[in-house]
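Residue strings, one per chain:
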Amino acid sequence: MLDKNQIAQRIAKELQDGYYVNLGIGIPTLVANYIPEGIDVTLQSENGLLGMGSFPTEENVDADLINAGKQTVTMLPGSSLFSSAESFEMIRGGHVDLTVLGAMEVAENGDIANWKIPGKMVKGMGGAMDLVAGTDNIIVAMMHTNRAGASKLLKACSLPLTGKNCITKVVTNLGYLTIENGAFILRELAPGVTIEDVKAATEGKLIVADDVKEMEF
Amino acid sequence: MLDKNQIAQRIAKELQDGYYVNLGIGIPTLVANYIPEGIDVTLQSENGLLGMGSFPTEENVDADLINAGKQTVTMLPGSSLFSSAESFEMIRGGHVDLTVLGAMEVAENGDIANWKIPGKMVKGMGGAMDLVAGTDNIIVAMMHTNRAGASKLLKACSLPLTGKNCITKVVTNLGYLTIENGAFILRELAPGVTIEDVKAATEGKLIVADDVKEMEF
Amino acid sequence: MKKVVKNATEAIKGLENGMTLMLGGFGLCGIPENCISALVKAGQKNLTCISNNAGVDGFGIGLMLEQRQVKKMISSYVGENAEFERQLLSGELEVELTPQGTLAEKCRAGGAGIPAFFTATGYGTEVAEGKETREINGRMYVLEEALTADFALVKAWKGDTMGNLIFKGTARNFNPMMARAGKITVAEVEELVEPGELDPNHIHVPGIYVQRIFKGTDYEKRIEQRTVSK
Amino acid sequence: MKKVVKNATEAIKGLENGMTLMLGGFGLCGIPENCISALVKAGQKNLTCISNNAGVDGFGIGLMLEQRQVKKMISSYVGENAEFERQLLSGELEVELTPQGTLAEKCRAGGAGIPAFFTATGYGTEVAEGKETREINGRMYVLEEALTADFALVKAWKGDTMGNLIFKGTARNFNPMMARAGKITVAEVEELVEPGELDPNHIHVPGIYVQRIFKGTDYEKRIEQRTVSK
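Protein chains in written order, with my numbering: chain A, 1 to 217; chain B, 1001 to 1217; chain C, 2001 to 2230; chain D, 3001 to 3230.
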């Protein structure tokens, strides 16, 4: 079983040199800590920054420079600043190579729900609907089951959708799965996890890839 | 009868302090020479400049600084530079206070034709269609009749339109007319011009304003 | 051409009960602090506020919520405000949640004379309910309409007396589009300079969009998540 | 992330017969001179060129017209070119005239993921023929579709090796929108600098939109109307 950092670490292996990447809040943010050596990746923050650096030192904290999670950040050589309209031109226009975000539910047809639980206070979708509609390459980072033990990889989402037919990759604490032709394809198992474990935790249609293997880091 | 410079001079009297103005090629360009004392006007050039100055001196000619007529120009304190998309956001969004442009024909319903003569080589509409659709306050500057002596103030335009129902003011060599409720209203006569002269030169419905007067400069 | 006003109170003259406002900012970054203070003092009610977020308890639009000045919020994310939640649950406050990119584009469209546009964002979700959808080049899109406002209240870093604006860092966010979409746009700036002091090539919002401008005071610039590294 | 190429010839690798190109510039101001020269040398045919103008005889896109490389122009104004006129009248060349603001917005939409938008421009004219029109808030509008291109060829003043671009004067014009709407965007720049040398707050086109960049040479920058005052 993977912990949150290991999920992030596995996702980081999907990064390619030159990628522009938007990382959501939570596990996705941790991906930035595992960018492989020799791979040059530019992080996009949807509030108007391309080329996001690390957190500032105490002396360099600038209230006018935050990320989409409202955290103080820094810029890097080659960064650019822009408006929210421009930021979502990038996102909606398909210029971001990879989006990593969390989810409450993912369905076997690629639907995703991650913004609203009926009966609970609604906070809003922020930029998530634009990100899932605008990026071709999306990886969902999440636990395989919720706190009650119920599967989050479903036949159909029960919660209000964030986007339809848009998710193709899911990395959970149990493994790495792709979504193809209406099914979850189990590609890699987390260390110590069996195919039976994944089957038990997956409500949606699950196909075990012929070449399923243990995840490498 | 007015010459081209006098037409421009009369139009310049319509300028108000603080106006943002787009001047078309030809007579409209001359309006800039007659901006009244104490009136602060900012000229917009649709290729991406707000706050257009005069022509440069020989030493200051810059190939990277031209106006929409492709003439070399200068900037003024407070000028701003922007893209063509931004420029037409201003125009289409109704932020320009006044547009002055030439026309081949204007109709009593406010239609204008100024870009294409069937059978002649088409040059294109440039920004004219955006300007007439985007600005509320448009003054047409033109001769009352064409070279063949035919009226250019018509019941209906015969040439392909640039815009529908958009023109409300026309200044010609014969006078100043507004367009209201499907008719040309003669408001001012050029010096030496009679009401009969205007009637004879106007094909469209013409109403002589009760308070018609001689034009003042 | 007198755009310069003395302060926020003068700048929001004519801003009346029931009006629709745009307020720049992302979280508490780049919000028009002075205008919000003046609004809280003036006490206009039944306002519709278009703003990506709704402030926090005790700061930003949160201050207006405490005074019950807001009838409706049009935002993409409102999760940082307990008073907001209370008013929403009690039915005092209405909220129209809009995806962040769609919100930005709706404001941009409002200023740009584009009454409506298609976007893939929100297709198949409750955001698209009641809206026209259509297939274009094999993909489904939702028709979204432009937003405009009676007053747009924006905050810039530098501005000149002709209304030209330059923003700093990520405090730009929604401010430029909102500046373009206000019938009356009020800009508060940290530094107000004379025409010619700003490089024409660096201006983010040309002065044509700005009707009133003033030098703001006492910026608090509260930070929501102070994250540091060693 | 290797965006820097040696020259225009390398930059247009993969640009093939029959492709759709966008070329920045207004008149001869801000045109990608080096890319056009390379195209003329390489000799691709049947190109669809999206450009506000069509150059003049002997310069700009005029050079491509002389080599019969252009099948179709999408422009707002083409009146400065006798060879253009000859080819159009003889039926060798097709032209799609588009209002300048609509052309700019169509390019902008293409890069921004907006497949179509409504505009009042052209309503009631032949530009609207065959297009959907509708009334929105009491006014009539035309539905216009986005433009994209296989290659966008743009010219900037300064650029860095990550593809960030800054333009100069009115040489900006159509270049920024076209840079965003190309599947492959090639930027030629007068000065190519290292990341960090351009102020992040002054960048007109963020590098994410630019796939290839090179330092251009021998800019002629021909002036169409040299107007001077004393």
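If you're looking for bench data, these hints aren't it; they were derived computationally from the structure.
A hint or two may mislead.
Claimed, not checked - Only some residues are given here: those of chain C computed to face chain D with a beta carbon under 10 angstroms: (1) Gly2043; (2) Ile2114; (3) Thr2121.
Glycine residues also receive a C-beta, built at the ideal position from the N, C-alpha and C atoms.
Status of each hint after checking the structure:
{"no.": "1", "hint": "Gly2043", "in the structure": "violated, 31 angstroms"}
{"no.": "2", "hint": "Ile2114", "in the structure": "holds, 5 angstroms"}
{"no.": "3", "hint": "Thr2121", "in the structure": "holds, 8 angstroms"}
When the structure is compared with the earlier hints, a violation turns up for hint 1 alone.
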